[in-house]
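Visitor: Residues per chain, in single letters:
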Amino acid sequence: MTHSTPTPSPESDLWPDDLNPFPLRSRIPHLSARNVQEALAAETPDETHLAALLSPAAQPFLETIAHLAQRLTLRHFGRTIALYVPLYLSDICSGGCVYCGFAADRPRPRHALSLDEVESELLAIKTLGFEEILLLTGERAPQANVDYLDAAIQKASLHFHRVTLEVFPMDTLEYHRLANAGCTGVSLYQETYQRSDYAVLHRWGPKRDYEARLDAPSRALDAGIRSVGLGVLWGLADPLTDALALYRHVRRLQRRFWQSEITLAFPRIRPQAGDFQPPFPIDERFLAQIIWAFRICLPTVSMSLSTRESPVFRDGMAGVGINKMSIASRTTVGGYQTPHPANEGQFIIHDDRDLPTFCRALKNKGLEPIFKNWESLYRTVSA
Amino acid sequence: MNNDLFKLGGRSFSSRLFLGTGKFADSGIMARALAGSGAQLVTVALRRFNRDNPADDLCVPLLKIPGLCLVPNTSGARNAEEAVQAALLGRELTDSPFVKLEIHPNPHHLLPDPIETYEAARRLVPLGFQVLPYIPADPVLSKRLEDLGCAAVMPLGAPIGTGRGLATLDMIRLILADSSIPVIVDAGLRAPSDAALAMELGCSAVLVNSAIAAASDPIEMAIAFAEAVGAGRRAFRAGLMERSAFASATSPLTTFLDSSSGSSR
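Residue numbers (the numbering used here), protein chains in the order written: chain A, 79 to 461; chain B, -9 to 255.
Watch out, some of these pointers could steer you wrong.
Claimed, not checked - Cβ-to-Cβ under 8 angstroms is the rule here; a few derived chain A residues that face chain B:
#: 1; residue: Gly207
#: 2; residue: Gln332
#: 3; residue: Trp336
#: 4; residue: Thr378
#: 5; residue: Asp432
#: 6; residue: Glu446
#: 7; residue: Phe449
#: 8; residue: Trp452
#: 9; residue: Glu453
#: 10; residue: Leu455
By construction, these hints were calculated from the structure, which means they are not laboratory data. Where is the CB? At the ideal position from N, CA and C, for every residue including glycine.
Chain B on its own, in the form it takes in the complex (with noise of 0.2 angstroms):
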């Protein structure tokens, strides 16, 4: 499959597990975890990067894996001018072109704020950022946020950590009917079925964070994510058949039509 590289922000990325970095144990698992997952983007919380205390940055371990592709994110910001400073510092700590655009003031159920989040991509896409939104699975916001220049967008598949799966995926399918721009599945996903049904419906790629740091065993957890989204990706190109209401005989009942004389169609 390294024909089929995802190209994103100018950059070729031959796997298309994304995965967030928060809420592991330490950084030795987080470290395994990424190694086992093929991951080569992940996402880090600006709230997270401690420049006084390397021992508590969470940069300084995923700093040393090369060629790792490291996109500071904003969460934490309520609105777009927090946002954007957060972009920018993140931006200048990291070197990255990438921006995880954040933006989800309801400190309890995490969802994204689409009309703040709208206006950050608004201000951050002409300041040369590729712009990763994290947005509620909405087709029309998709749509305005691909015409402004985002890189991408980020539905999510549920709400934060609640590994509810794909519970938008009738409006995942709207999204990607009508996206010219990458769409990555973001947040929610439980089970690696969820990773490769997203990958099967023809999303870019997942991204995945509490699914894998919060299983009982998390390397194992990520290496089967990283099957999962290779397998749903493959099959995607293979594609699916068509699926039917009805069994399609093998014997077919209607043949005689075409060969009966008389007929006047």
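Here chain A stands alone, though its shape is the one from the complex (with noise of 0.2 angstroms):
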């Protein structure tokens, strides 16, 4: 169990200043329930509160935590779901992301989509009633560049009104070619932010890089893409401090990017081609913990949950803190318009119930899915 692994010690990790979340985190085991109350009776919740609420002492009260994070969803995101659909790109990729199905020691034949592929997923996504779609590659390749990712994005905003990306780490005039073609938002995870972790993790490849990918989102928010999403990918290394790091992290692009949206994804290690097995397995309930904690202490950030949790984990989360889903997604690349690839996806999806079924849920729980959330007319005025 998660809670039980021992506490990374802080000298093991150098840590950027603003994102150290020792001596906190050693903290965590010997919060009370006295410490869980203060937080959820917290007029502005802070890194102190989240602590409490990620604690062990938290369990006991996770009926409370979880009305209270229905209670700020509902109130700053109402009875609604936006909703959004990744399409992967490309699976070519000099990664060697221990954790990650595309990584380049994958035995696997590799595709990028040509453009006129690209037009043709989009069309068929489109048809699907979609107005979000988020852009993937692997890392940088001739076949899946800038240039390539700059004419891709121009397609999907003819067809979209708000095109996100998650690739790789750019530099700023990047970032701003890409923003001007129409990409309005960029994921970027840490995956963890621990250092020692991470090295051991990325075997190769320019992802080695800790540093340039921290900073790529204020790189990415410094050239004029309006959204950033974070994360980490739970389950590569200690969550306590995995969490408290990201929370930093929000925080300090909060205050310096004030009129940008930072974003919040969950993602959690799946079954993929590689078999690696996470070595902190964070169980449904701990996921759960975290992201209500995260929706206690930062109530307006927009937290979404991919089709990577099950039917049921999702059902159950969805207004409750998650105010944000993809659905009918392949995570293969291309798979909209010729439904069945040979090649098998990035990684497992777990709810795999198609557009009209997956709002039928939600609408039996009295939430309005919302494809349209954003208007495309403010991307092409500043741009």
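The two chains are supplied separately, each in an independent frame; assemble them into the complex guided by the hints.
Guide: Shown next as structure tokens:
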């Protein structure tokens, strides 16, 4: 069980000053029910309250925590769930992420969609009704570089109001170019903030550069990208340390980029080609606790949950902490126009319901699925 | 109270409760809450207009309600330029002369940017818009916007969605004292009594969204707000008695002074 794992040593990692979660991390095992009650009653919860809500002492309060998370989600996002869909453009990757099905040492045929294929995938997705699309690739590659993304974004922005990217870190000029092409958001998960674990998990490739990845969201926002998504890949390293560092990363960006949106996602390691076994497996109960703790301490931040999770878990979390979800996802390259690609995806999807089935489940919970929640006009005005 | 029509931008409204339309679980509940509230003016975020997908277009159910004045809002705009473009598109799509000018660049507290809001209003009024700016409860900004020719000002009671009521009460009082255009409290209201208080102070109307959409029973809450707004308005018109720190004695103690001889004053 995750809570019983030993507290990592603060000395084992060199932390950027403002992200260092120590000594608060070391205190978590010693926090009490009283600390949790204080967190639940806090007017403006801060990181000490987050620590309390993440602590073992909070487990008996999980029902109360869930109710508070639901009230805050309702207050700030209403009875709605925003929907988006991912499109993998390419699985060509030079990276050596030990946990990823796209890592360079997985024997598999590789493919990047041609721009014509991108167009037909976009049209197939558009027909489903989506207005927000997330475009993904592996590491930077000749077949999937910034020129390619620029062209793909321009195509996508003709069909979708919101076009976001989950690709490789770039420099400011490259982000600026993609913002002008119509990119509205960038997701870039640090995976783990713990440097020593990070070094082991990222065996080779550009992603070994911890700093380049950590600072990429700032570069994207500097370049005029409107929103950045942060996250940890839960299961890779001590979750409590990562949760506190993630919170600090959000707060750092919120203070510096006060006109930008900082969002969170909560991906958990899923079975994938390579059969990596997560060293810090997180069960659903603890994942829910993490999400709710973040909802309480960052009540206005948009928080999404992908199809990595099961239908039962997703239905339970919808509107209870979570305000945004993907559905009808394929984690293969393409896959919307040609429904059954030969290749395996980046990871195995757990919620494989189709869009109408999922929307019915949301409506049964009293939640309205929303496809369009932004206006592409704003993109063209400021480009 | 039918002789108490609220005139705004060349239109008359018998209801002084305006509704925001986001955050509802479905359009059926929204339509029933609207009917319960008696609201005749609703705001719709341009970002929720979906020309490509009627099932996802918030305007579709609203346009079916006869006589409803649909006001596009510019929420999502981060600066004056984006808001002006949004207003133009909103007018094209709805034919409404009104625009609710919302520029709140910080996505976390959604507080309005007074500088960009002023600039956008300065550009929209000459284009013939009836501009309804959502503003911080700032009496000076309020007069500045009035001077520009805005149709009303919409100071916030508290940050959007917080339900903290009329946290800006003292500033709203100052705005009301000097304003020659309607003052419509927008955002932050939680309970019908908050709306009643705003109306008792002399606000021309209130705009409510979260407090109704996020209530356990949005339809009942819409009716409760309508009643509170009506009661508050009626009380304002009736004239509240003066407040005093002291009880006024029914048997005065100073009358002897009036009749006493020898008084030199």
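Visitor: It remains to establish, for every hint, whether it holds in the given structure.
Guide: Status of each hint after checking the structure:
| no. | hint | in the structure |
| --- | --- | --- |
| 1 | Gly207 | holds, 5 angstroms |
| 2 | Gln332 | holds, 7 angstroms |
| 3 | Trp336 | holds, 5 angstroms |
| 4 | Thr378 | holds, 4 angstroms |
| 5 | Asp432 | violated, 16 angstroms |
| 6 | Glu446 | holds, 5 angstroms |
| 7 | Phe449 | holds, 4 angstroms |
| 8 | Trp452 | holds, 5 angstroms |
| 9 | Glu453 | holds, 4 angstroms |
| 10 | Leu455 | holds, 6 angstroms |
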